[in-house]
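Can you make the complete structure from the sequences, with help from the hints?
Yeah, the sequence shown ends on 71 if you go by our numbering, and it's all consecutive.
If you are wondering where the hints come from, they were derived from the structure by calculation, not from laboratory data. Nothing here was measured: the structure is a model prediction, and the numbers come from that model. Glycine included, C-beta positions come from ideal geometry on N, C-alpha and C. Accuracy of the hints is not assured; some may be wrong.
Straight line, CA to CA, 25 Å or less: simulated DMTMM-like cross-link-like pairs of lysine to aspartate or glutamate [as the list claims (entries may be wrong)]:
1. K58 - D15
2. K17 - E37
3. K12 - E57
4. K64 - D15
5. K12 - E48
6. K64 - E48
7. K17 - D56
Ranges of calculated distance between the beta carbons of each label pair, as one might list FRET restraints [to be verified]:
8. V7 - A44: 36 to 46 Å
9. N47 - Y3: 39 to 49 Å
10. Q69 - L31: 41 to 51 Å
11. L67 - L23: 29 to 39 Å
12. N47 - V7: 13 to 23 Å
13. N36 - L10: 46 to 56 Å
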Amino acid sequence: MSYAIYVSHLQKIADLKYASAVLQWDQETYLPPGGNEIRGRQLATLNEVAHAMFADEKTGAIIKAVLSQKD
1 MSYAIYVSHL QKIADLKYAS AVLQWDQETY LPPGGNEIRG RQLATLNEVA
51 HAMFADEKTG AIIKAVLSQK D
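Now the structure itself:
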């Protein structure tokens, strides 16, 4: 496995976190009345998926593979 795979995997996780941050900002600034329940569910889903991706065995395997590569 290459360093590029490691970066790509972490970028996908970061993209989910960035999307969550935008939704959070929107909730705090422009969300219409009554939208909190749906927005809360959306935020929970994005954060759950990001956490699952980071905690997945695949992440550990990618890190282990990158660290074991010879320079």
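Verification of the hints:
1. K58 - D15: holds (18 Å)
2. K17 - E37: holds (19 Å)
3. K12 - E57: Measuring from Cα to Cα gives roughly 16 Å; hence the hint holds.
4. K64 - D15: This hinted pair holds, its Cα atoms lying about 23 Å apart.
5. K12 - E48: holds (13 Å)
6. K64 - E48: holds (24 Å)
7. K17 - D56: Holds. K17 to D56 sits at ~16 Å (cutoff 25 Å).
8. V7 - A44: 36 to 46 Å: violated (27 Å)
9. N47 - Y3: 39 to 49 Å: Given about 27 Å between the Cβ atoms, the range is violated.
10. Q69 - L31: 41 to 51 Å: Holds: the Cβ-Cβ distance is about 46 Å, inside 41 to 51 Å.
11. L67 - L23: 29 to 39 Å: holds (34 Å)
12. N47 - V7: 13 to 23 Å: holds (22 Å)
13. N36 - L10: 46 to 56 Å: Given range 46 to 56 Å: violated, Cβ gap about 30 Å.
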